[in-house]
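Chain by chain, the residues run as shown.
There are 2 protein chains.
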Amino acid sequence: MAVETNQMRKFLNDPAAVVKESLKGLAAAHGDLLRYDVANQIIVRKDSPKKGKVALISGGGSGHEPLHGGFVGLGMLDAAAPGEVFTSPVPGQMLAATKAVDGGAGVVHIVKNYTGDVLNFKLAAEDAADEGIKVTTVVIDDDVAVQDSLYTAGRRGVGATVLAEKIAGAAAEGGADLAKVTDTIKRVNARARSFGVALSSCVPPASGKAIFDLPEGQIELGVGIHGEPGRRRAPLGSASEVVDIMVEAVISDLKPKHGSKVLAFVNGMGGTPLLELYLIYGEVDEKLRKAGIEPVRNLVGSYITSLEMAGASLTVLELDDDLIRLWDAPVHTAALRWGV
Amino acid sequence: MAVETNQMRKFLNDPAAVVKESLKGLAAAHGDLLRYDVANQIIVRKDSPKKGKVALISGGGSGHEPLHGGFVGLGMLDAAAPGEVFTSPVPGQMLAATKAVDGGAGVVHIVKNYTGDVLNFKLAAEDAADEGIKVTTVVIDDDVAVQDSLYTAGRRGVGATVLAEKIAGAAAEGGADLAKVTDTIKRVNARARSFGVALSSCVPPASGKAIFDLPEGQIELGVGIHGEPGRRRAPLGSASEVVDIMVEAVISDLKPKHGSKVLAFVNGMGGTPLLELYLIYGEVDEKLRKAGIEPVRNLVGSYITSLEMAGASLTVLELDDDLIRLWDAPVHTAALRWGV
Numbered sequence: 001m002a003v004e005t006n007q008m009r010k011f012l013n014d015p016a017a018v019v020k021e022s023l024k025g026l027a028a029a030h031g032d033l034l035r036y037d038v039a040n041q042i043i044v045r046k047d048s049p050k051k052g053k054v055a056l057i058s059g060g061g062s063g064h065e066p067l068h069g070g071f072v073g074l075g076m077l078d079a080a081a082p083g084e085v086f087t088s089p090v091p092g093q094m095l096a097a098t099k100a101v102d103g104g105a106g107v108v109h110i111v112k113n114y115t116g117d118v119l120n121f122k123l124a125a126e127d128a129a130d131e132g133i134k135v136t137t138v139v140i141d142d143d144v145a146v147q148d149s150l151y152t153a154g155r156r157g158v159g160a161t162v163l164a165e166k167i168a169g170a171a172a173e174g175g176a177d178l179a180k181v182t183d184t185i186k187r188v189n190a191r192a193r194s195f196g197v198a199l200s201s202c203v204p205p206a207s208g209k210a211i212f213d214l215p216e217g218q219i220e221l222g223v224g225i226h227g228e229p230g231r232r233r234a235p236l237g238s239a240s241e242v243v244d245i246m247v248e249a250v251i252s253d254l255k256p257k258h259g260s261k262v263l264a265f266v267n268g269m270g271g272t273p274l275l276e277l278y279l280i281y282g283e284v285d286e287k288l289r290k291a292g293i294e295p296v297r298n299l300v301g302s303y304i305t306s307l308e309m310a311g312a313s314l315t316v317l318e319l320d321d322d323l324i325r326l327w328d329a330p331v332h333t334a335a336l337r338w339g340v
Numbered sequence: 001m002a003v004e005t006n007q008m009r010k011f012l013n014d015p016a017a018v019v020k021e022s023l024k025g026l027a028a029a030h031g032d033l034l035r036y037d038v039a040n041q042i043i044v045r046k047d048s049p050k051k052g053k054v055a056l057i058s059g060g061g062s063g064h065e066p067l068h069g070g071f072v073g074l075g076m077l078d079a080a081a082p083g084e085v086f087t088s089p090v091p092g093q094m095l096a097a098t099k100a101v102d103g104g105a106g107v108v109h110i111v112k113n114y115t116g117d118v119l120n121f122k123l124a125a126e127d128a129a130d131e132g133i134k135v136t137t138v139v140i141d142d143d144v145a146v147q148d149s150l151y152t153a154g155r156r157g158v159g160a161t162v163l164a165e166k167i168a169g170a171a172a173e174g175g176a177d178l179a180k181v182t183d184t185i186k187r188v189n190a191r192a193r194s195f196g197v198a199l200s201s202c203v204p205p206a207s208g209k210a211i212f213d214l215p216e217g218q219i220e221l222g223v224g225i226h227g228e229p230g231r232r233r234a235p236l237g238s239a240s241e242v243v244d245i246m247v248e249a250v251i252s253d254l255k256p257k258h259g260s261k262v263l264a265f266v267n268g269m270g271g272t273p274l275l276e277l278y279l280i281y282g283e284v285d286e287k288l289r290k291a292g293i294e295p296v297r298n299l300v301g302s303y304i305t306s307l308e309m310a311g312a313s314l315t316v317l318e319l320d321d322d323l324i325r326l327w328d329a330p331v332h333t334a335a336l337r338w339g340v
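Top to bottom, those sequences are chains A and B.
The first sequence begins at 1 in the working numbering and counts up one residue at a time.
The second sequence begins at 1 in the working numbering and counts up one residue at a time.
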């Protein structure tokens, strides 16, 4: 019954142009927030560069939308460098993004821990430094599922990236300096843990083939956002059983203090509808409270996806008053907006 | 290759409890906005009833999330009455919702045109009137695909429902009276047209069976949100070709004046990722402008869905200054938020 995962049910013109065409549409829809630099394949905040403001950029393979282009705007990212689907952007994209947003106060590179991304961001940071731009880099590695993975030395970077971009973006918008913004991202990464599960594979447009094979009735526990294998494959249990595994994986690693206030982020992988994501959130909320942890903020929706993969991930971020204040601060991007 | 559509890849406990468990999670995540009345299976705005404010309620089968529970909050709905998946709520739910939100200024029922919904809302409105509550009803019927359908006499109600709830909700929040709010919904419905297409079927949790069969490489043109047949089935063309059909269907029926300002709403059916929805938006924006129509507002995302169906719909709403002002007004719900 696994043939489903080899099916193409997509709106496409030229599969090789899907990223460019999607970015064009993003810019057409959100011209008030951002612009699409076609030559460099980067999305740049419309009012960039902002003199004196620390700028934040991120990037990585496409197919994880709204990450990262959907997070460019007030109080979040200044630019995003999208690669082809599930493929790192090239250093020239990160360098162009860095130069486009530098307002003299420095630029932070937020990098999900995948070997290609880390290497290419490093090369771009060196080139930017040669041109006199102050650059710091924070690598996000919040995924507790596996120590090393198909495309990663060390832990993978997943859901904490969204939270770090929002929270550090608010710090930068509020006038924090380069060291402070950099430290804020590190704090979010240090206090956040994630664990994802998949109920189906997904099909990159260029190949038209599923990236892995997952029969019906099976679940991949600890899956990566490119379908990388997790801890194990098991028969699909009830939602409550699956959430038990997710919560245990995250909490046993994060080890929050009893009574901790947390942000609970239930993320859809792209093909799991909101009906189910809220069902999962209900389970997560209940199980965290039973464990003596209080979810005082939450985010439920598909924010870091794997094309149309059916699945979900849980990210738990241990909060303090400063992080709560930064989370609540105004944000205006295509995918996250409040207070403005 | 159609076996995919008989697959269950869902997070579930008891399939019969999926709606109740999802609503519980919605309330746990958004307790600042709404409460879940378990006995009546309704979602009610937390600060309801608001004395002197016209209240708006809607409802219908579940499986279309975030519609309608995700639109309960400031500047949009006062309550939502969700039925089981793809099944009309019962009159008792609409009556309970009406009573819960009536602040003395009257209650508007926003009803998508499906036979069961129309009948059950009518019974509830009669019962509410018997209890002395002023109720008006507006039936939304914006889907140009077919004149009558599997569950509908006359056109089906789809994407315009989201826009009507937002715009009329702003009117009510701003103090408009019952006649004015009712008229605003009618104006939105009269000026909006929609057309949807499906690239896959979907699987209701209770049956575990696909609601229709759509082989790979085929597209259902004019599909309904419960998989009702559309105008015809065809080989899947390019995204540009599909959007040509969607735009032509909507515009030839709406007949907007040359130079009209419109809101273009590209809606995902649940299983189509944002990467593709923005690609579609890029095509829509370009084709509307070529036709002398100016999209001055837009909404891109999965707001009225059919579980995990792969597909998309286009809704075009012809705007005037009053509708633009109401669209831009603050809204704070689980699924739509700005200005607050």
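Please keep in mind that the hints were generated in silico from the structure rather than gathered at the bench.
Treat each hint with caution, since some may be false.
Capping the alpha-carbon separation at 27 Å, the derived lysine-lysine pairs in BS3-like fashion look like this [to be verified]:
#	chain 1	residue 1	chain 2	residue 2
1	A	287	B	46
2	B	46	A	290
3	A	261	B	24
4	B	24	A	209
Is it true that the CA of residue 287 of chain A sits at most 27 Å from the CA of residue 46 of chain B? holds, 24 Å
Would the hint linking residue 261 of chain A and residue 24 of chain B be met if the CA-CA limit is 27 Å? holds, 21 Å
So if I understand the rule, the pair passes when the alpha-carbon distance is 27 Å or less; does residue 24 of chain B with residue 209 of chain A pass? violated, 37 Å
Holds or violated: are the alpha carbons of residue 46 of chain B and residue 290 of chain A at most 27 Å from each other? holds, 25 Å
Violated hint for the displayed structure: number 4, the only one.
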